[in-house]
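Participant: Sequence:
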Amino acid sequence: MAVSLYKTGFPHFRREEEPQSVNRRKPVRSPAASWASALPEWLAALFMFPAVLALAGGAFASAESLAIELGATLAAAASTGFLFFRRFQHLFTGTSPRANRRTLDVLIGAGGIILSYILIQATGALDSPFYPMLYLIAAAAAAHPDRVVTPVLLGAAALLEIGLFLLGPEGPWLPVALHLGFAGGAAFLYHGLMAADLRLRQGEWRARWEDAARTLDSEARAFRLHPSAPEMREILNADPAQTQRIYQASLRALRASIDEMLASVHSRLAAQTTALLLLDSMRRNLRVKEYRNRGEAPRLDAFPAREGAPGAVFGNGHAVAIENLRHTSAGLPYHGQRERAGAFLGAPVTCDGKVIGVLVCDWALPREITGEEQEYFTAAGAQLGRCIEVERVLVSLELERGRKETFYRASEQLNTALTPQQVLDRVFEATRNIAPWDFAAVTRIEDAEKLSHIIMKAEGAAAEGLQGQVFRDNAGLVSLAVRNRHVLPHTPFSEMDERHRVVFTPAVRLKGIEAVKVFPLVVHDRVIGALVLGSNDPLFFTREISEMLHVMANQAAVSLDNAYLYESMERLAITDGLTGLVNHRTFQDRLDDAMARCNRSQSPLSLLLVDIDHFKKVNDTHGHPVGDEVLRRVARTIAGAGRETDINARYGGEEFAVVLENTDAGGAFVRAERLREDVEALLFASNMGQFKVTLSIGVAAFPEDAQDKHQLIARADAALYRAKKNGRNQVMLWNSGAEE
Numbered sequence: 045m046a047v048s049l050y051k052t053g054f055p056h057f058r059r060e061e062e063p064q065s066v067n068r069r070k071p072v073r074s075p076a077a078s079w080a081s082a083l084p085e086w087l088a089a090l091f092m093f094p095a096v097l098a099l100a101g102g103a104f105a106s107a108e109s110l111a112i113e114l115g116a117t118l119a120a121a122a123s124t125g126f127l128f129f130r131r132f133q134h135l136f137t138g139t140s141p142r143a144n145r146r147t148l149d150v151l152i153g154a155g156g157i158i159l160s161y162i163l164i165q166a167t168g169a170l171d172s173p174f175y176p177m178l179y180l181i182a183a184a185a186a187a188h189p190d191r192v193v194t195p196v197l198l199g200a201a202a203l204l205e206i207g208l209f210l211l212g213p214e215g216p217w218l219p220v221a222l223h224l225g226f227a228g229g230a231a232f233l234y235h236g237l238m239a240a241d242l243r244l245r246q247g248e249w250r251a252r253w254e255d256a257a258r259t260l261d262s263e264a265r266a267f268r269l270h271p272s273a274p275e276m277r278e279i280l281n282a283d284p285a286q287t288q289r290i291y292q293a294s295l296r297a298l299r300a301s302i303d304e305m306l307a308s309v310h311s312r313l314a315a316q317t318t319a320l321l322l323l324d325s326m327r328r329n330l331r332v333k334e335y336r337n338r339g340e341a342p343r344l345d346a347f348p349a350r351e352g353a354p355g356a357v358f359g360n361g362h363a364v365a366i367e368n369l370r371h372t373s374a375g376l377p378y379h380g381q382r383e384r385a386g387a388f389l390g391a392p393v394t395c396d397g398k399v400i401g402v403l404v405c406d407w408a409l410p411r412e413i414t415g416e417e418q419e420y421f422t423a424a425g426a427q428l429g430r431c432i433e434v435e436r437v438l439v440s441l442e443l444e445r446g447r448k449e450t451f452y453r454a455s456e457q458l459n460t461a462l463t464p465q466q467v468l469d470r471v472f473e474a475t476r477n478i479a480p481w482d483f484a485a486v487t488r489i490e491d492a493e494k495l496s497h498i499i500m501k502a503e504g505a506a507a508e509g510l511q512g513q514v515f516r517d518n519a520g521l522v523s524l525a526v527r528n529r530h531v532l533p534h535t536p537f538s539e540m541d542e543r544h545r546v547v548f549t550p551a552v553r554l555k556g557i558e559a560v561k562v563f564p565l566v567v568h569d570r571v572i573g574a575l576v577l578g579s580n581d582p583l584f585f586t587r588e589i590s591e592m593l594h595v596m597a598n599q600a601a602v603s604l605d606n607a608y609l610y611e612s613m614e615r616l617a618i619t620d621g622l623t624g625l626v627n628h629r630t631f632q633d634r635l636d637d638a639m640a641r642c643n644r645s646q647s648p649l650s651l652l653l654v655d656i657d658h659f660k661k662v663n664d665t666h667g668h669p670v671g672d673e674v675l676r677r678v679a680r681t682i683a684g685a686g687r688e689t690d691i692n693a694r695y696g697g698e699e700f701a702v703v704l705e706n707t708d709a710g711g712a713f714v715r716a717e718r719l720r721e722d723v724e725a726l727l728f729a730s731n732m733g734q735f736k737v738t739l740s741i742g743v744a745a746f747p748e749d750a751q752d753k754h755q756l757i758a759r760a761d762a763a764l765y766r767a768k769k770n771g772r773n774q775v776m777l778w779n780s781g782a783e784e
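When you read off a place in the sequence shown, starting at 1, and then add 44, the result is the number in our numbering.
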């Protein structure tokens with residue numbers, strides 16, 4: 045009798061579908077053909093309306109109308125029966141209905157509701173004892189899987205109830221409200237019961253799935269296929285589903301090999317029981333994994349690895365033969381009772397030089413065990429170990445291949461990032477796929493001479509409040525890694541003295557992090573920052589993982605440097621190099637956008653054109669370097685005095701432009717006057733002593749003074765010209781008398 049104790053597979057749930065030919069193509073039907081195929085159903089539905097009209101006119105109210113009403117009732121019943129046949133004709137003829145299933149279900153449900161009301165109306169109307177039939181129909185409608193059919197049928201029942209009440213004799217509303225409430229309550233209750241039953245079944249399936257996953261995980265650990273096993277510490281895979289598929293395939297192959305080996309040994313030695321015992325993941329207990337026997341089944345629970353005759357095999361790592369168990373103190377714990385066997389033969393099962401299990405064989409009576417049998421049995425145990433080792437290597441290769449694919453995908457994603465934020469997001473995602481860290485941060489060097497750092501991004505439980513922090517060069521791991529351009533620390537983080545476990549600054553402690561690696565970001569022999577990764581597992585950073593993360597850090601450094609360069613080029617393309625304000629071209633584009641927004645929101649906009657008075661005299665008297673400093677300080681004053689939404693631009697030479705959205709001419713005048721006073725208060729130093737400068741400012745508003753951009757600029761420029769003409773150092777509004 046062969047018995048397998050493996051539960052390596054997950055339950056597969058799939059809907060059985062009709063086999064379809066590869067070359068079969070569904071015919072394309074025109075809308076007219078679709079409507080024509082559904083025409084019989086719609087004609088059958090029309091026959092129901094006489095019954096409804098009969099009800100509305102007072103069904104069964106007089107003997108004269110009885111024949112008409114009965115005819116209408118029979119027509120409705122026949123129509124409903126026909127619809128039922130069309131809906132379920134595939135059960136009788138094997139052909140599917142040609143009409144739309146949703147349409148048929150709606151028509152059938154409506155027919156059932158109408159027939160119910162005919163019966164209710166014929167047996168007492170609102171006092172009919174057949175009203176519970178309507179509640180059953182409402183519950184059935186609530187159970188329909190189509191989300192459209194249910195509300196349509198319930199709405200039809202409610203409208204028919206209200207319509208019959210309004211067309212019938214005058215009466216109280218309370219019975220109608222109660223009937224509608226009970227019908228809706230029945231539908232809601234049945235729907236709730238179905239939902240609760242579905243959740244219960246989903247919970248049962250989830251529990252079965254989790255149990256199968258735990259079993260698979262346990263079996264993989266027993267055969268040393270699991271990454272957390274000591275022999276597989278350097279195997280990491282970011283796709284759990286793929287890992288499970290690999291484990292399943294390997295365990296099935298192992299089971300086939302073990303079963304074949306046990307069958308051969310069991311038959312050749314004519315044994316009572318032949319079994320494979322494997323260590324658990326803690327290497328403390330043995331458990332029967334597969335067996336063949338001619339008697340009662342062996343004990344399936346775990347027992348201490350050093351116990352009995354199997355314990356002797358496990359302890360000394362050599363084969364043990366006992367020809368008469370009854371004359372020794374050794375027992376067979378996998379049987380549970382010593383009297384069940386008379387002779388025993390055991391051989392170690394080794395994998396990668398370590399004993400991971402014992403192959404055992406016993407007989408019911410004492411017998412002589414020959415040397416040839418011992419050699420054969422020892423070779424069988426060694427062969428089982430080789431089978432396990434081969435599968436372990438295959439799993440390692442498969443997981444390695446999956447990990448490399450993850451690495452290459454991450455590299456490709458990193459290469460597509462353009463902005464620094466995109467690069468940071470891709471770096472975190474890529475490193476997490478390679479090694480699921482618990483903490484990550486990227487720093488950037490702000491001052492190359494002083495080696496001051498800023499934490500650009502930080503994630504993880506220990507990352508709270510870190511992003512944006514600036515710290516100077518110190519004795520922390522980040523500063524040391526940047527200065528030495530080497531991955532740190534060399535000593536495991538968990539083994540370092542507490543005072544030396546400084547990553548950023550002594551004031552920042554990464555709580556719960558037991559493993560840390562700092563990878564300097566180096567580009568062309570230039571360090572631009574550092575990548576910091578951490579884990580709660582002290583053994584997280586194996587040699588292979590560290591090497592892959594180092595490669596990823598080098599690639600991240602190049603991508604991040606390119607992103608900074610791209611950002612810098614974009615900034616230079618839109619800003620003035622001397623003042624840092626937007627340049628003339630960008631000003632024109634942004635003014636267009638601002639005016640379009642104001643047009644949509646019907647809000648005002650003002651333009652300030654600013655000119656530094658007698659700036660040529662400043663250059664001639666104090667020199668161009670001092671003139672440049674004047675331009676820079678005036679630009680900083682303009683930018684610092686406004687709002688974030690304002691557009692501050694260098695218009696050309698010593699002229700500046702300021703666009704104020706949601707600001708009329710009066711508000712713009714106040715802002716311009718304040719700016720003029722701020723600049724007038726500035727003191728500038730030169731070789732000839734300190735001096736001051738003043739501003740002339742022209743203001744025009746949209747749509748008050750101008751209807752388009754060109755007119756707005758022209759009128760602001762005219763106001764500026766008038767301010768300069770009238771003596772400079774003043775603000776002039778266009779509507780105060782300036783002329784173009």
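Since the hints were made in silico from the structure, they are not lab data.
Fair warning: there could be bad hints in the mix.
Pairs of lysine-lysine, DSS-like flavour, derived with a Cα cap of 27 Å [claimed, not checked]: (1) 768 <-> 661; (2) 660 <-> 555; (3) 661 <-> 501; (4) 769 <-> 753; (5) 753 <-> 768; (6) 661 <-> 555; (7) 661 <-> 736; (8) 736 <-> 769; (9) 501 <-> 555; (10) 660 <-> 501; (11) 768 <-> 736; (12) 753 <-> 661.
Participant: Against this structure, judge whether each hint is valid.
Facilitator: Hints, one by one, checked against the model:
1. Distance restraint check for residue 768 and residue 661: the Cα-Cα separation of roughly 15 Å lies within the 27 Å cut-off, and the hinted pair is therefore satisfied.
2. Annotation: proposed proximity of residue 660 to residue 555 is violated, straight-line Cα distance about 61 Å (limit 27 Å).
3. The straight-line distance between the Cα atoms of residue 661 and residue 501 is roughly 49 Å, outside the 27 Å bound, and the hint therefore fails.
4. About 24 Å separates the Cα atoms of residue 769 and residue 753, which keeps this hinted pair within 27 Å; it holds.
5. A hinted pair counts as satisfied when its Cα atoms are at most 27 Å apart, and residue 753 with residue 768 qualifies at roughly 23 Å.
6. Only pairs whose Cα atoms come within 27 Å are accepted, and residue 661 paired with residue 555 is rejected, the gap being roughly 63 Å.
7. This hinted pair checks out: residue 661 and residue 736 have alpha carbons roughly 12 Å apart, not beyond 27 Å.
8. For the given pair, residue 736 sits about 20 Å from residue 769 by alpha-carbon distance, which is consistent with the 27 Å threshold.
9. Between residue 501 and residue 555 the CA atoms are separated by roughly 18 Å; this keeps the pair inside 27 Å, and the hint holds.
10. Between residue 660 and residue 501, the direct Cα distance comes to roughly 47 Å. Violation of the 27 Å bound is thereby established for this hinted pair.
11. Between residue 768 and residue 736 the alpha-carbon distance is near 17 Å, which keeps this suggested pair within the 27 Å criterion.
12. Proximity of residue 753 to residue 661 is assessed by CA-CA distance (about 32 Å); at most 27 Å being required, the pair is judged violated.
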